[in-house]
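Peer 1: Model the placement of chain B on the given structure of chain A, informed by the hints.
Going down the list, the protein sequences come from chains A and B. Numbered according to the numbering used here, the first sequence spans residues 1 to 178. Numbered according to the numbering used here, the second sequence spans residues 1 to 178.
These aren't lab readings, by the way, just hints derived from the structure by calculation. Warning: the hint list may mix true and false statements.
If you want the ones that stay clear, here's a sample from chain B, every Cβ over 12 Å from chain A, calculated [stated by the list, open to error]: (1) V32; (2) T44; (3) R55; (4) G76; (5) P80; (6) E94; (7) R99; (8) E102; (9) D117; (10) R126; (11) G127; (12) T129; (13) V130; (14) P132; (15) D138; (16) R143.
Pair ranges (Cβ atoms, derived) [as the list claims (entries may be wrong)]: (17) B:I145 <-> A:L85: 35 to 41 Å; (18) B:P29 <-> A:H34: 25 to 31 Å; (19) B:Y14 <-> A:R67: 39 to 45 Å; (20) A:H34 <-> B:T11: 26 to 32 Å; (21) B:D117 <-> A:T10: 20 to 26 Å; (22) A:H34 <-> B:E142: 14 to 20 Å; (23) A:N12 <-> B:T10: 19 to 25 Å; (24) B:A176 <-> A:E23: 20 to 26 Å; (25) A:P80 <-> B:P29: 26 to 32 Å; (26) B:V32 <-> A:V13: 39 to 45 Å; (27) B:Y105 <-> A:G81: 38 to 44 Å; (28) A:V32 <-> B:L8: 39 to 45 Å; (29) A:D30 <-> B:P29: 50 to 56 Å.
Chain B is faced by these chain A residues, among others (derived, beta-carbon under 10 Å) [stated by the list, open to error]: (30) P4; (31) G9; (32) V13; (33) W26; (34) A28; (35) P37; (36) P80; (37) G81; (38) T107; (39) D117; (40) F140.
It should be emphasised that the depicted structure is a prediction, and the values quoted were computed from it without experimental measurement. Where a beta carbon is used, it is the ideal one built from N, C-alpha and C, also for glycine.
Protein chains: 2
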Amino acid sequence: MRAPWTPLGTTNVYRRGKLTLREDTWRAPDGVEHVYPVLAAGVTVGVLPFVDDDRVLLIGQHRHLLREVSWELPGGGALPGEDPLAAAQRELREEGGYRAGELTYLTRFWPANAYLDELAYCYVGRGLTVDPLPADDDEFIERRIVPITEAVRMALAGDITEGISKMTILHWAAAARR
Amino acid sequence: MRAPWTPLGTTNVYRRGKLTLREDTWRAPDGVEHVYPVLAAGVTVGVLPFVDDDRVLLIGQHRHLLREVSWELPGGGALPGEDPLAAAQRELREEGGYRAGELTYLTRFWPANAYLDELAYCYVGRGLTVDPLPADDDEFIERRIVPITEAVRMALAGDITEGISKMTILHWAAAARR
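Just chain A, same shape as in the assembly (with noise of 0.2 Å):
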């Protein structure tokens, strides 16, 4: 049988806000010790908030790395220790205005698993109620409200590039239509 893989330890090296630098040393079956830096953001959520049987809410801000609006679901992280659900209602209430009377949890994956230590839940919201909370103060947000087809349709012709939107819309449309 071959050898597995031994966590030796874990060092950090940055921290600002919420997101810290580590490195984590590894000795791999042939026992070569490997050194991987992970960015640790912990629990990030999205959720596609239909306001009616056809309608969804997105939500529109820049980006500094796209230095661009990016179109996307309301989302964000979590608070430490906040349940991945209780984050997605207040980041609907934060960014989108409304609270969901029905929160389904959909599906959860990795945006970056060799060195982002985020996973990332998505659930899709419905029963919306007007409900807003105060964003964060570098968040300066436009909404729109489109067909779902049309959010659909934006997935998959590259006009939502932001991951957990994208993969959330997308699993919706291929888990619906099976």
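Peer 2: Positioned in the frame of chain A, the structure of chain B alone reads:
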């Protein structure tokens, strides 16, 4: 008209291998300055390789963040200056052991556009012939051939959790069913 977001500068704070951590400073529309940490990884690729009309190749490798074997599509980071399409062919040969006679661009997206400077390109490979390249020295790879319907089921059920693989498969499924 609202003032735009203005980039004020960038500073590298860490580097190991192909990964760099930098701090980007921006002035928000309200005049307040924000510093955003960014992990720069560059271009990453994934390939959905059809070995015949109905079956695709998956690879399994240990992922230190998950502490277990993750079933994924062949893929990985592009080399400096390497074209995404060339990177897809190279990763398919290194991890999958095949060359594709035809590589079709499917989509691209930002896996984590708030703090990871990484753009992921997704391809479909067909016309495969055996033509392996040596893998990276920390990769110990298993291979499985499954029906595409099983790969879609695995992506929907959460048996495939790596973002680029899951996105590529679900994008293919959602587009195929329109």
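Peer 1: Restraint: P80 of chain A near chain B, CB-CB cut 10 Å. Satisfied or not?
Peer 2: violated (17 Å)
Peer 1: So is P80 of chain B really clear of chain A, every C-beta pair being over 12 Å apart?
Peer 2: holds (17 Å)
Peer 1: Is the interface hint for A28 of chain A satisfied, with its Cβ closer than 10 Å to some Cβ of chain B?
Peer 2: With a minimum Cβ separation of about 6 Å from chain B (threshold 10 Å), the hint on A28 of chain A holds.
Peer 1: Tell me if the beta carbons of H34 of chain A and E142 of chain B are separated by a distance inside 14 to 20 Å.
Peer 2: holds (19 Å)
Peer 1: Quick one: work out the minimum CB distance from E94 of chain B to chain A and report holds if it exceeds 12 Å, violated otherwise.
Peer 2: holds (15 Å)
Peer 1: Could you check that no beta carbon of chain A comes within 12 Å of the beta carbon of E102 of chain B?
Peer 2: holds (21 Å)
Peer 1: Is the hint on G81 of chain A kept, meaning its closest Cβ partner in chain B is under 10 Å away?
Peer 2: violated (20 Å)
Peer 1: Can we keep the G9 of chain A interface hint, with Cβ of chain B closer than 10 Å?
Peer 2: violated (12 Å)
Peer 1: Any Cβ of chain A at or closer than 12 Å to T44 of chain B, or is the non-interface label fine?
Peer 2: Violated, because the least Cβ-Cβ distance between T44 of chain B and chain A comes to about 8 Å, which does not exceed 12 Å.
Peer 1: Against the range 38 to 44 Å, how does the distance between the Cβ atoms of Y105 of chain B and G81 of chain A compare: consistent or not?
Peer 2: holds (42 Å)
Peer 1: Using the C-beta atoms of Y14 of chain B and R67 of chain A, is the stated range 39 to 45 Å upheld?
Peer 2: violated (23 Å)
Peer 1: Given P37 of chain A as an interface hint, is the shortest Cβ-Cβ distance to chain B below 10 Å?
Peer 2: holds (5 Å)
In this structure, the hints that do not hold are numbers 1, 2, 4, 9, 15, 18, 19, 24, 26, 31, 36, 37, in rising order.
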